[in-house]
Amino acid sequence: MQALIDWFTALLADNTIFNAQTLGYYGSGLVTTVQLVFLSLVIGLVMAVPLAIGRSSRRRWISLPIFLYTYVFRGTPLLIQLYLIYYGVVFFEGIQETWLWVFLEDPFVPALIAFTLNTAAYTTEIFRGAIKATPRGEIEAARAYGMSQRLMMRRIILPSAFRRALPAYGNEVIFMLHASAIASVVTIMDLTGAARFIYARYYAPFDAFLFVAAIYLCVTFAILYLFRYLEKRMLAHLKPVEQ
Amino acid sequence: MIDLHGYGPRLAEGALVTLEVAILSLILSVVLGLLTASAKMSRSWFLHRLGTLYTTVIRGIPDLVLMLLLFFGGQMGVNVFTDWLYYQFDIDIFININEFIAGVLTIGLIFGAYMGETFRGAFMAVEYGQIEAARAYGMTNWLVFKRVRFPQMMRHALPGLSNNWMVLLKTTALVSVIGLSDMVRIASEASKATREPFTFMLIVGAVYLAIATVSEWGFARLQKRYSVGFGEAD
Numbered sequence: 001m002q003a004l005i006d007w008f009t010a011l012l013a014d015n016t017i018f019n020a021q022t023l024g025y026y027g028s029g030l031v032t033t034v035q036l037v038f039l040s041l042v043i044g045l046v047m048a049v050p051l052a053i054g055r056s057s058r059r060r061w062i063s064l065p066i067f068l069y070t071y072v073f074r075g076t077p078l079l080i081q082l083y084l085i086y087y088g089v090v091f092f093e094g095i096q097e098t099w100l101w102v103f104l105e106d107p108f109v110p111a112l113i114a115f116t117l118n119t120a121a122y123t124t125e126i127f128r129g130a131i132k133a134t135p136r137g138e139i140e141a142a143r144a145y146g147m148s149q150r151l152m153m154r155r156i157i158l159p160s161a162f163r164r165a166l167p168a169y170g171n172e173v174i175f176m177l178h179a180s181a182i183a184s185v186v187t188i189m190d191l192t193g194a195a196r197f198i199y200a201r202y203y204a205p206f207d208a209f210l211f212v213a214a215i216y217l218c219v220t221f222a223i224l225y226l227f228r229y230l231e232k233r234m235l236a237h238l239k240p241v242e243q
Numbered sequence: 001m002i003d004l005h006g007y008g009p010r011l012a013e014g015a016l017v018t019l020e021v022a023i024l025s026l027i028l029s030v031v032l033g034l035l036t037a038s039a040k041m042s043r044s045w046f047l048h049r050l051g052t053l054y055t056t057v058i059r060g061i062p063d064l065v066l067m068l069l070l071f072f073g074g075q076m077g078v079n080v081f082t083d084w085l086y087y088q089f090d091i092d093i094f095i096n097i098n099e100f101i102a103g104v105l106t107i108g109l110i111f112g113a114y115m116g117e118t119f120r121g122a123f124m125a126v127e128y129g130q131i132e133a134a135r136a137y138g139m140t141n142w143l144v145f146k147r148v149r150f151p152q153m154m155r156h157a158l159p160g161l162s163n164n165w166m167v168l169l170k171t172t173a174l175v176s177v178i179g180l181s182d183m184v185r186i187a188s189e190a191s192k193a194t195r196e197p198f199t200f201m202l203i204v205g206a207v208y209l210a211i212a213t214v215s216e217w218g219f220a221r222l223q224k225r226y227s228v229g230f231g232e233a234d
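Protein chains in written order, with the numbering used here: chain A, 1 to 243; chain B, 1 to 234.
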C-alpha cells in the first residue's frame with residue numbers, strides 16, 4: 001500500500017497538469033455528470049411508463065399528443081432543447097423576483113429539465129415498442145382469467161415489457177451519458193466542463209481531453225457490463241437452450 | 001407574422017452550413033464505414049483488431065469531447081507535423097484546421113464507427129451462394145462487390161443507414177459549440193441579443209424536423225428501389 005502511495009506521489013510530483021488540484025476538478029466533474037445523468041434517467045423513467053401506456057392507447061386524443069411530444073423531442077437536437085429551456089428560463093420576465101429563482105439560478109436545474117424531457121421521450125418510444133411486442137397469447141390468457149385492463153397491465157404486460165426493453169434502454173443510458181457532455185456549454189462544470197477548464201488553463205488539449213475521454217470510456221464500459229449482467233439475469237428464460 | 005429582428009437571412013445561411021456539414025460528414029462516414037466493415041470482416045488479424053478498436057473506442061466517447069479534442073488538439077498536431085516537414089525537408093505548407101473541417105472530420109469519424117457496424121451486419125446478410133455464383137462467372141473481387149454484394153447489402157443496410165443519418169443530423173448542432181456559424185449558433189446569438197429564445201429556437205427546431213421528415217421520405221423511396229424483387233416481406 002505504501003509503495004502504491006509513493007508511486008502515486010512520485011507520479012504527481014513531476015506532473016504539471018495532473019496535480020492534485022486538477023484531479024479534484026475531474027473528480028467533482030465526474031460527480032456532477034453522474035448526478036445529472038442519474039437524476040434525469042430516473043425522473044425520465046418514471047415519466048416514461050405512464051406516457052408509454054398512453055402512447056399505446058387506442059384513444060387518439062391520448063396517444064396523439066404523446067406522439068407529438070416524442071416526435072418533437074426525438075427529432076430535434078438536445079442542444080436546442082437545452083438552449084430553449086436555459087435561455088427561456090433566464091430571459092423570462094420577472095422570474096428573478098419569484099421564489100422559483102432560488103432553484104433556477106443554478107444552470108443545473110434547466111439542464112436537468114432538458115435532459116429529463118429528452119430521455120423521457122426516447123424511453124417512452126422504447127417502452128411503447130416493448131408493450132406492442134407483447135405476445136397476443138399472453139393478453140388472451142390474462143383476459144380468459146378475467147383480469148381487468150389495469151391488473152393485466154400491472155401483472156402481465158409491464159413486467160414482460162420491461163424485460164424486453166432492457167437492451168434498448170441500456171443503449172439509451174449510454175446515449176444519455178454521452179449527451180450530458182453538452183451540459184458544459186451552459187457553464188456547468190461536469191466532466192467535459194472540467195476538461196475544457198483545464199485545457200484553457202494549461203493550453204494542453206491532448207492531456208485534458210484524452211484523459212476525460214478515458215474516464216467516459218470507463219464509465220461507458222461499467223454501464224455496459226451492468227446491463228449485460230441484468231440482461232443475463234432477467235432474460236435468462238429467453239436464452240437459447242444449451243446443447 | 002413572426003418578427004425575426006432581421007436575423008432571417010443569417011438563419012438561412014446557417015441552415016445551409018448545417019446541411020453542408022451534415023452531407024459532407026455523411027459521405028465521409030459512409031466511406032469510413034465501408035472500410036471498417038471490410039476491416040472487421042477481413043481474415044487479417046491485425047485489420048480485424050484495428051476495426052474493433054476503432055468502433056469500440058469511438059462509440060464509448062461523447063461526441064463533444066471528441067470534437068473539442070480534434071478542434072483544439074488537431075491544429076497543434078498539424079503544426080507539429082508541418083514544422084517537422086519544414087525543418088526536415090524545407091517544405092513550407094500551412095494547414096488550417098478550422099471549425100468546419102474539425103466538425104466534419106469529427107462527425108464523419110464518429111458515424112464511420114456506427115456505419116461500420118451497420119454495413120458489417122448487412123454484408124453478412126448477403127447469402128454466400130450469391131458470391132460463389134459471381135465468382136464462378138469469373139468476376140473479379142471488385143466486380144463482385146459492385147454488382148452483387150453492394151446492391152444486395154444496401155437493402156439490409158438502409159434502415160440502419162437512415163437511423164444513423166437522423167442521429168448525425170442532430171449531432172451537427174454540436175459544431176456551434178466550437179464556433180462554426182451554423183443555424184444553432186446564429187439562433188443562440190439571436191436569442192441572447194433579442195431576449196426571445198423561444199422564437200429562434202423553435203424555428204431552428206422546426207427546420208431540423210423538416211429536414212428529418214424530408215429525408216425519411218427519401219429513404220423510403222430508396223428502400224423501395226433496393227427492395228426490387230423482394231416483394232413486401234420483412
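Keep in mind that the hints are not guaranteed to be accurate.
Claimed, not checked - Here are the simulated SDA-like cross-link-like pairs (lysine to any residue), alpha carbons at most 25 Å apart as the crow flies:
#1 B:Lys170 with A:Val109
#2 B:Lys192 with A:Gly24
#3 A:Lys232 with A:Val186
#4 A:Lys132 with A:Tyr122
#5 B:Lys170 with A:Leu39
#6 B:Lys192 with A:Tyr169
#7 B:Lys170 with A:Lys232
Hint data in this document are derived by calculation from the structure and do not stem from the laboratory.
As the structure is a computational prediction, the values presented were derived from the model and not from experiment.
Okay, the hints, checked on the actual structure:
Of the supplied pair hints, the one linking Lys170 (chain B) and Val109 (chain A) holds, its CA atoms being roughly 23 Å apart against a limit of 25 Å. Restraint check: the Cα-Cα separation between Lys192 (chain B) and Gly24 (chain A) comes to about 33 Å, which exceeds 25 Å; the hinted pair is violated. Between Lys232 (chain A) and Val186 (chain A) the CA atoms are separated by roughly 39 Å; this puts the pair beyond 25 Å, and the hint is violated. The straight-line distance between the Cα atoms of Lys132 (chain A) and Tyr122 (chain A) is roughly 16 Å, inside the 25 Å bound, and the hint therefore holds.
Restraint check for Lys170 (chain B) and Leu39 (chain A): the C-alpha separation of about 23 Å stays at or below 25 Å, so the hint holds. A C-alpha spacing of about 36 Å is found between Lys192 (chain B) and Tyr169 (chain A), which places the hinted pair above 25 Å, so the restraint is violated. Our distance criterion of 25 Å between C-alpha atoms is broken by Lys170 (chain B) and Lys232 (chain A), whose separation comes to about 33 Å.
Hint check: violations occur at hints 2, 3, 6, 7; the rest are consistent with the structure.
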